[in-house]
Amino acid sequence: MSTVQVLVATAEREVYRGEAEMLVAPGAAGELGILPKHAPLLSQLKPGELRITNGENVDEVFISGGFIEVQPDMITVLADSAERASDMDEAAALAAQRKAEEVLESQKGDADLALAEAELSIMAARLDWLRKKRKN
Amino acid sequence: MASTKEIRGQIKAVQNTAKITKAMEMVAASKMRKAQKRVFDARSYAEGIRQVIANLMQAHPEYKHSFFTPRENVKRIGIILVTTDKGLCGGLNTNVLRLAVKSIRAQQAEVEVINIGRRGGAFMRRFGVTVSGSVENISDSPELSDVLGAADLAIERYIDGSYDEVHLMFSEFVNTMTQKPTVMQLLPCPVNEEPSHPGYWDYLYEPDSQIVLDGLLRRYIESLVYHGALENKACEQSARMVAMKSATDNAKGMVKDLQITYNKARQAAITQELAEIVAGGAAA
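So the protein sequences, as listed, match chains A and B.
If you use our numbering, the first sequence corresponds to residues 8 to 143, in order.
If you use our numbering, the second sequence corresponds to residues 2 to 285, in order.
Isolated chain B, as found in the complex:
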C-alpha cells in the first residue's frame, strides 16, 4: 500500500486539476451565452438576405446567374470545413470530421478542403486530402471579415471552374447537450421557398442587374459561411462546458476514492504502531 504521504500528494494534485477544470467550465459557460447571443443577433441579416434571394428567384430576372445552375459533370468539390482551433471540447470535432470523412468517401468526384479552425486542417492533411486554404485562430467574437478569406476563395474557385460544387460543414447548435454535425450545399444555391409576392414582376436594378446580383449572391454565400462559424463557436463553448463539467465530476470522484484509501492507510499505520507498543510493553 502506498504511504500516506504519497496519497496526500495525489489528492492535492487531483484537487488542483479539479479547480482548473471547474474554472474552465465557468469560463466556457459565460462564453457560450455570448456566442449564442451572437448567433441570435446575426439572424436578422441571414433571414433578410434569404428572403431577398427567395424573392429574386420568382422575379423572373432577365439575367440567369451561374450560382443557380447545377453543373452536369461534377469533377471537383470544395468543402469549407468549420472546426475549432482549440481542443478540450469533447467529441465536437471528432463528430464533424467523421461526417466529413464519410461524405468524402461517398463522393465520386475529387475533394478539396478549405478549413476554418486548426483542428480540421491538421486532420485533413494527415488524412491525405488537399487543403487549399486555411483560416485559423478566429477570435471568440468572429466578424464577417474573419471568414471572408475562406468564403471568397471557394467562390473564386467555383467561378473559374476548379470547383463544380461547394459544400459547408459545421456543427449546428441544437442545445447545450446536443451539437449536430451538418452539411450544407452552398453552390450552386439550392433555394426553394414559398412565393411571398406571387405574380409576374421584376425588380428595378441599380446600377444594373448583373452587378447587383453578383454582389448580392456573393454576400449571401459569405453570410452562410459566417453563420456556420458562429454556430460552431456556440457549439465549441457548450461542448467544452459539458466536457469540463464531467472532468470536474470525475476529479471529485477520484478525490473521494483517494480519501478512503488515505484513511485506510492512516488507520493501518496507527494500528500497527499500537500493536508494536503493546508488544513492546508485554516483552518488558
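Just chain A, same shape as in the assembly:
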C-alpha cells in the first residue's frame, strides 16, 4: 500500500513523524479520513482523536484542536496540544475538567466566558476519549 509522510507537532515539541497509510483527524466540519495523494486541503481541527495507521501500527493521539494541511505527498498536523493515551491520567483529566467548570461558573465577562467554554469542551472531549480507551 502506498504511504504518505506525516508530521504531527505542537508548538513545544514534535509528536509524530513518519509514514502512514491513513490518517483520521477530527476536522471542524466532521471527521476527516485522509489517504495518500489526497487533494490539497487546509482545515481547522476540533478537540478529538487523531489516528495514524501504518500497517499493523495504529498511533492514537488526543489533540485539543489546531490545523491540518494536506498535500498529496505530505500531511502536516499543527496541534495546539497533543498527548498519547499512555501518557494521560484519568484522575488528572477529571480534575482539569472540574477546574474548567469552576472557572466557567465564576466568570462574568463575555470574552472570559467564551474562553472558559472552549476550555471545558476540550476537557470533556479529552475525558470521553480517555474513558473510551480504557474500555477497549
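None of these hints come from the bench; they were simulated from the model.
This structure is a prediction, so every number in the text was calculated from the model and none was measured.
We put the beta carbon where it would ideally sit given N, CA and C, even for glycine.
Check the hints yourself; a few may be wrong.
Claimed, not checked - Which residues of chain B face chain A? A few of them, derived with a C-beta cut under 10 Å, are: (1) Asp-42; (2) Gly-49; (3) Val-53; (4) Ser-142; (5) Leu-154.
Knowing the structure of chain A, use the given hints to seat chain B on it.
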C-alpha cells in the same frame, strides 16, 4: 600594610564568592542544555507552519489576508521586545537594548513596546517609550501560552489599526560564546520561499478560507514570538554561564594575589619579631 588577620578575612570572603559563582555557572550550564533542547524540539512546528504559509502564498487563495498587505502610511510601530527577567548574564540585555534604541531612533514613526522579560520593560520606561504591555517572570521552560499575551496584544493592535507594523526583537542563540541581537518583522508577514508545489492550485478549505487563514496566521505569529522567547532563554543561560565562569576565574586570581600579600605580611611580622628578640638579647 593590612594585618594578616584582615587579609585572611578577605581571602575567605573572595573564596566564598567564587564558590557561589561556580555553582551558578554549573546551574546555568545545565539549564542551557535544556533550553537548547527546547529550541530544537520546537523547530518541527515552526518549520511545519512556515512551510504551510509558504504553500499558501502560491496557492492563489481567493481571500487576500490583511497580514500580507503592507500599509502605505506607517504611523505607529509595535515592538515585541524579548529580554531576560534576571540579571547577571553579561552584556546580553545591553546588546539587544542597544539595538532597540538604535532602531527606535531611526524610525520616522511612533514606537510602542510590548516587553517579554522584566529588564526590557524597566529600561524602556526609563527611556521614555510607551510600554503598552508586559509579560514578566517566564519560567525556564516556557510554553506557548506564556507568551500568548504579548503576541495576541500585538496582533489585536495590528488588526484594529493602532499599529501599522509589528517587529520582534530578541537575542538569537548562535553558540555558547555568541548571542546575536536580532530584529524580525512579524506583521505584515514577509514570506518569500521557493515554490515547492508549482502550478495553479488552491486548497479545499474547511470550514471556510477566512476562518482557517485567520486562525492559521495568528498561530504563525504566535509561534514566531514563542520561538524568540525560547532562543532568548538559551542565550540567557549561556551568557550567564560565561559571565559566571569569568567571575569565578577573576575570584581565583584575586585569591592568588591576596595569598601573596598575606604571605609577605606574615613573613614581615616574623622578621620583625626575630629582630626584636635579637635586639633584646644584645641589650641584655
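Hints versus structure:
1. Asp-42: holds, 4 Å
2. Gly-49: With Cβ-Cβ at 5 Å, under 10 Å, it holds.
3. Val-53: holds, 4 Å
4. Ser-142: holds, 9 Å
5. Leu-154: violated, 13 Å
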